[in-house]
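Asker: Here is how the chains run, residue by residue.
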Amino acid sequence: NAGVTQTPKFRILKIGQSMTLQCAQDMNHNYMYWYRQDPGMGLKLIYYSVGAGITDKGEVPNGYNVSRSTTEDFPLRLELAAPSQTSVYFCASRGHQGFTEAFFGQGTRLTVV
Amino acid sequence: DQQVKQNSPSLSVQEGRISILNCDYTNSMFDYFLWYKKYPAEGPTFLISISSIKDKNEDGRFTVFLNKSAKHLSLHIVPSQPGDSAVYFCAASANAGKSTFGDGTTLTVKP
Chain A
287 NAGVTQTPKF RILKIGQSMT LQCAQDMNHN YMYWYRQDPG MGLKLIYYSV GAGITDKGEV
347 PNGYNVSRST TEDFPLRLEL AAPSQTSVYF CASRGHQGFT EAFFGQGTRL TVV
Chain B
7 DQQVKQNSPS LSVQEGRISI LNCDYTNSMF DYFLWYKKYP AEGPTFLISI SSIKDKNEDG
67 RFTVFLNKSA KHLSLHIVPS QPGDSAVYFC AASANAGKST FGDGTTLTVK P
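Chains as they are written, first to last, in the working numbering: chain A, 287 to 399; chain B, 7 to 117.
Derived from the structure by calculation, the hints contain no laboratory data.
Check before you lean on any hint, since a few could be wrong.
[Said to hold, decoys possible] Now the stretches of chain A that chain B is said to cover, found in silico as 3 or more residues with beta-carbon under 8 Å:
hint: 1; segment: 325-334
hint: 2; segment: 385-398
[Stated by the list, open to error] Derived coverage of chain B by chain A (criterion: at least 3 residues anywhere in the stretch with Cβ under 8 Å from a Cβ of chain A; other residues may be distant):
hint: 3; segment: 16-23
hint: 4; segment: 65-74
[Said to hold, decoys possible] Below are the DSS-like pairs computed for lysine-lysine, each with C-alpha atoms no more than 27 Å apart in a straight line:
hint: 5; chain 1: B; residue 1: LYS77; chain 2: B; residue 2: LYS116
hint: 6; chain 1: B; residue 1: LYS11; chain 2: A; residue 2: LYS330
hint: 7; chain 1: B; residue 1: LYS116; chain 2: A; residue 2: LYS330
hint: 8; chain 1: B; residue 1: LYS11; chain 2: B; residue 2: LYS104
hint: 9; chain 1: A; residue 1: LYS295; chain 2: B; residue 2: LYS77
hint: 10; chain 1: A; residue 1: LYS300; chain 2: A; residue 2: LYS343
hint: 11; chain 1: B; residue 1: LYS43; chain 2: A; residue 2: LYS330
hint: 12; chain 1: B; residue 1: LYS60; chain 2: B; residue 2: LYS116
hint: 13; chain 1: B; residue 1: LYS116; chain 2: B; residue 2: LYS104
hint: 14; chain 1: A; residue 1: LYS343; chain 2: B; residue 2: LYS43
hint: 15; chain 1: B; residue 1: LYS60; chain 2: B; residue 2: LYS77
hint: 16; chain 1: B; residue 1: LYS60; chain 2: B; residue 2: LYS11
hint: 17; chain 1: A; residue 1: LYS295; chain 2: B; residue 2: LYS104
hint: 18; chain 1: B; residue 1: LYS77; chain 2: A; residue 2: LYS330
hint: 19; chain 1: B; residue 1: LYS104; chain 2: A; residue 2: LYS343
hint: 20; chain 1: A; residue 1: LYS343; chain 2: B; residue 2: LYS60
By construction, the Cβ of each residue, glycine as well, lies at the ideal position given by its N, Cα and C atoms.
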């Protein structure tokens, strides 16, 4: 049981480049989330999804896009990377609305230079 | 305005003693509170939670206390062990929906 899998683990991007961070879960969870964590800070919600075909913005969505075509996958797209997007990105999933915890991937450390 | 605050960035305790990590929140709509633990280069993992209908939840060495009138919760770890050294995040949600996280407290347990 892999849980939540994120790829890649590390990436260096040049300013203006684009990339997709991949996230997959094998727990048949409806709810999926993308967070970023800047040094010394907590996790800020970028986007989330409550099921296939449904996505919504979180606290810090600017510069990002998401899609949710299947229950398993929730990729995060960065267009025109900027140094301010240097961060650690975490994907998480949760089984359902209610008093349940989220399961996190190991994170993707992204540096934009 | 930060809705979930962990005012102590770091805490150091001796092995075997109690660790107390604190968290304050401002949104009275929050009804579910969680603590996550994070080791370096790993994702956060769930530790313990409490719903707003309770004031205490216990799981082994870990106990979470909720004081709704003060909008304050705390995590007690007794006894503390070196393996408990990690960053602890407090999180809160309204209508048991998506969570808002604090900035974390780095706990160091010294042998």
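Asker: Check the hint pairing LYS116 of chain B with LYS330 of chain A against an upper bound of 27 Å on the C-alpha distance.
Answerer: 31 Å, violated
Asker: Does LYS343 of chain A lie within 27 Å of LYS300 of chain A when you go C-alpha to C-alpha?
Answerer: 25 Å, holds
Asker: Given the hint that LYS295 of chain A pairs with LYS77 of chain B, test it: the Cα-Cα distance must not exceed 27 Å.
Answerer: 37 Å, violated
Asker: So is the segment 65-74 of chain B in contact with chain A by the C-beta rule, three or more residues under 8 Å, or is the coverage claim wrong?
Answerer: That given contact is violated, which follows from only 0 residues of the segment 65-74 of chain B lying within Cβ reach (below 8 Å) of chain A.
Asker: Counting residues of the segment 325-334 of chain A whose CB is closer than 8 Å to a CB in chain B, do you get three or more?
Answerer: holds (count 7)
Asker: Straight-line Cα separation of LYS295 of chain A and LYS104 of chain B no greater than 27 Å?
Answerer: Distance of about 25 Å is within 27 Å: holds.
Asker: Please work out if LYS11 of chain B and LYS104 of chain B have their alpha carbons no farther apart than 27 Å.
Answerer: Measuring from Cα to Cα gives roughly 17 Å; hence the hint holds.
Asker: Are the Cα positions of LYS11 of chain B and LYS330 of chain A separated by 27 Å at most?
Answerer: Given that 27 Å is the threshold and the Cα spacing comes to 13 Å, the pair holds.
Asker: Starting from LYS104 of chain B, check that the Cα of LYS343 of chain A is at most 27 Å away, please.
Answerer: Within the cut-off at roughly 12 Å; holds.
Asker: With the threshold set at 27 Å, check whether the alpha-carbon distance from LYS43 of chain B to LYS330 of chain A stays at or below it.
Answerer: 16 Å, holds
Asker: Quick one, are LYS77 of chain B and LYS116 of chain B close enough, alpha carbons at most 27 Å?
Answerer: Status violated; Cα separation ~31 Å.
Asker: Mind taking a look at whether chain A covers the segment 16-23 of chain B? Criterion is 3 or more residues with CB to CB distance under 8 Å.
Answerer: With 0 residues closer than 8 Å to chain A, the segment 16-23 of chain B misses the three-residue bar; violated.
The structure shown violates the earlier hints numbered 3, 4, 5, 7, 9, 12, 13, 20.
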